[in-house]
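Participant: Produce the entire structure from the sequences given, and follow the hints as far as they go.
Going by this note's numbering, the first residue of the sequence shown is number 40, and it counts up by one from there.
Treat the hints with care, since some could be wrong.
As the list claims (entries may be wrong) - Here are the computed lysine to aspartate or glutamate pairs in the DMTMM-like style, where the Cα-Cα straight-line distance is at most 20 Å: (1) Lys134 <-> Glu117; (2) Lys118 <-> Asp129; (3) Lys216 <-> Asp193; (4) Lys118 <-> Glu102; (5) Lys98 <-> Asp65; (6) Lys118 <-> Glu151; (7) Lys118 <-> Asp137; (8) Lys67 <-> Glu151; (9) Lys104 <-> Glu184; (10) Lys134 <-> Asp65; (11) Lys98 <-> Glu162; (12) Lys134 <-> Glu151; (13) Lys98 <-> Asp198; (14) Lys98 <-> Glu151; (15) Lys98 <-> Asp170; (16) Lys67 <-> Glu102; (17) Lys67 <-> Asp129; (18) Lys67 <-> Asp137; (19) Lys196 <-> Glu151; (20) Lys104 <-> Asp65; (21) Lys196 <-> Asp218; (22) Lys196 <-> Asp214; (23) Lys196 <-> Asp183; (24) Lys118 <-> Asp214; (25) Lys118 <-> Asp183; (26) Lys208 <-> Asp198; (27) Lys196 <-> Glu184; (28) Lys49 <-> Asp206; (29) Lys208 <-> Asp120; (30) Lys49 <-> Asp170; (31) Lys98 <-> Glu176.
To be verified - The following label-pair restraints were derived from C-beta to C-beta distances: (32) Ser221 <-> Ala93: 39 to 49 Å; (33) Pro83 <-> Met40: 31 to 41 Å; (34) Arg159 <-> Tyr46: 29 to 39 Å; (35) Asp189 <-> Gly47: 43 to 53 Å.
Worth flagging that the hints you see were computed from the coordinates, not collected in a lab. Note that the Cβ used here is the ideal one computed from N, Cα and C, for glycine as well.
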Amino acid sequence: MKGKVTYGSKPLVYPMPAAIIGSTVDGKANFMTIAYCGVVNNNPAMVAIGSNPAHHTMKGIREHKTFSVNIPSTSMAEKTDYVGIYSGRDVDKSKIFDVHYGVLSNAPLIAEAPVALECRVREMLDIGGNDTIIIGEVVESYIDESCMTDGVPDARKVDPLIYTPNDRKYWSLGDSKGDGWSIGTSLE
Numbered sequence: 040m041k042g043k044v045t046y047g048s049k050p051l052v053y054p055m056p057a058a059i060i061g062s063t064v065d066g067k068a069n070f071m072t073i074a075y076c077g078v079v080n081n082n083p084a085m086v087a088i089g090s091n092p093a094h095h096t097m098k099g100i101r102e103h104k105t106f107s108v109n110i111p112s113t114s115m116a117e118k119t120d121y122v123g124i125y126s127g128r129d130v131d132k133s134k135i136f137d138v139h140y141g142v143l144s145n146a147p148l149i150a151e152a153p154v155a156l157e158c159r160v161r162e163m164l165d166i167g168g169n170d171t172i173i174i175g176e177v178v179e180s181y182i183d184e185s186c187m188t189d190g191v192p193d194a195r196k197v198d199p200l201i202y203t204p205n206d207r208k209y210w211s212l213g214d215s216k217g218d219g220w221s222i223g224t225s226l227e
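Facilitator: This is the structure:
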């Protein structure tokens, strides 16, 4: 294709969330940072995460069949990176955040994260390669009141931390370019 270079078999999806996954491991809250996280169904609400099965947090997900997805704001960049660098086998990550629990007793939620989801495992898929795919049904979602505008979550107020894996950079959102299910009608 003219004007393009080949880059190999890479999942070049931009941007990716910098999500913090929580589980209870050996009686303690544990967290890991992942970028492989996304919505896979709206009703019932489901998310999928991809994680190396050897990660310490995965032990709790396998044992309890629950996990949390915490969406950090840009102000949480250092803590987000920290829980992605260090293993819960070596450091006590339960002390990094203000931890709370909602409906599910083994899905620790991060109080300072503007958005948090409690999930029950629906399916775990070993598809080969490095990661196990976990599909979780969202049992409850939480959002800071300060991140709502007219009763709707406001992405600008959430200020989610996003990630680009090829250059290993954290980013913030840019400007809105228009309303979904609307701006495309101008091409009629």
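Participant: Give a verdict on every hint.
Facilitator: Hints, verified against the model:
1. Distance restraint check for Lys134 and Glu117: the Cα-Cα separation of roughly 14 Å lies within the 20 Å cut-off, and the hinted pair is therefore satisfied.
2. With a CA separation close to 16 Å, the supplied pair Lys118 and Asp129 stays within the 20 Å bound.
3. For the proposed pair Lys216 and Asp193, the alpha carbon gap of about 15 Å is at most 20 Å, so the pair holds.
4. Pair hint Lys118 plus Glu102 does not hold up; C-alpha atoms about 26 Å apart against a cutoff of 20 Å.
5. With a C-alpha separation of about 9 Å, the suggested pairing of Lys98 with Asp65 holds against the 20 Å cut-off.
6. Between Lys118 and Glu151 the CA atoms are separated by roughly 11 Å; this keeps the pair inside 20 Å, and the hint holds.
7. As the CA atoms of Lys118 and Asp137 are separated by approximately 12 Å, the hinted pair is consistent with the 20 Å bound.
8. For the suggested pair Lys67 and Glu151, the alpha carbons sit about 18 Å apart, so the restraint of at most 20 Å is met.
9. Under the criterion of a C-alpha separation no larger than 20 Å, the hint pairing Lys104 with Glu184 is inconsistent with the structure, at around 29 Å.
10. At roughly 15 Å between alpha-carbon atoms, Lys134 and Asp65 fall within 20 Å of each other, so this suggested pair holds.
11. Only pairs whose Cα atoms come within 20 Å are accepted, and Lys98 paired with Glu162 is accepted, the gap being roughly 15 Å.
12. The suggested pairing of Lys134 with Glu151 holds, with an alpha-carbon distance near 13 Å, which does not exceed 20 Å.
13. Annotation: proposed proximity of Lys98 to Asp198 is violated, straight-line Cα distance about 30 Å (limit 20 Å).
14. Straight-line distance between C-alpha atoms of Lys98 and Glu151 comes to about 24 Å, which puts the hinted pair past the 20 Å bound.
15. For the hint pairing Lys98 with Asp170, the CA-to-CA distance comes to about 14 Å; that is within 20 Å, so the pair holds.
16. Note on Lys67 and Glu102: the hinted pairing holds, with a Cα-Cα distance of about 13 Å set against a maximum of 20 Å.
17. In summary, the hint linking Lys67 to Asp129 is supported, as the alpha carbons are separated by about 13 Å, within the 20 Å threshold.
18. Using a Cα cut-off of 20 Å, the hinted pair Lys67 and Asp137 holds, with the two alpha carbons roughly 13 Å apart.
19. Annotation: proposed proximity of Lys196 to Glu151 holds, straight-line Cα distance about 13 Å (limit 20 Å).
20. Note on Lys104 and Asp65: the hinted pairing holds, with a Cα-Cα distance of about 14 Å set against a maximum of 20 Å.
21. Distance check on the hinted pair: Lys196 and Asp218 sit about 17 Å apart at the alpha-carbon level, within 20 Å; holds.
22. Distance hint between Lys196 and Asp214 is fulfilled; the C-alpha atoms sit about 13 Å from each other, no more than 20 Å.
23. For the hint linking Lys196 to Asp183, the alpha-carbon distance of about 9 Å falls within 20 Å, and the restraint holds.
24. Taken as a hint, the Lys118 and Asp214 pair is broken in the structure, with Cα atoms around 25 Å apart against an allowance of 20 Å.
25. Distance check on the hinted pair: Lys118 and Asp183 sit about 19 Å apart at the alpha-carbon level, within 20 Å; holds.
26. Simply put, Lys208 and Asp198 have alpha-carbon atoms about 16 Å apart, close enough for the 20 Å limit, and the pair holds.
27. A hinted pair counts as satisfied when its Cα atoms are at most 20 Å apart, and Lys196 with Glu184 qualifies at roughly 10 Å.
28. With a C-alpha separation of about 13 Å, the suggested pairing of Lys49 with Asp206 holds against the 20 Å cut-off.
29. Restraint check: the Cα-Cα separation between Lys208 and Asp120 comes to about 10 Å, which is no more than 20 Å; the hinted pair holds.
30. Pair hint Lys49 plus Asp170 holds up; C-alpha atoms about 15 Å apart against a cutoff of 20 Å.
31. Restraint check for Lys98 and Glu176: the C-alpha separation of about 19 Å stays at or below 20 Å, so the hint holds.
32. Taking 39 to 49 Å as the suggested C-beta distance range, the pair Ser221 and Ala93 conforms, at roughly 45 Å.
33. The supplied range of 31 to 41 Å is met by Pro83 and Met40, whose beta-carbon atoms lie about 39 Å from each other.
34. With their beta carbons about 37 Å apart, Arg159 and Tyr46 fall inside the hinted range of 29 to 39 Å.
35. At roughly 45 Å, the beta-carbon separation of Asp189 and Gly47 lies within the given 43 to 53 Å, and the hint holds.
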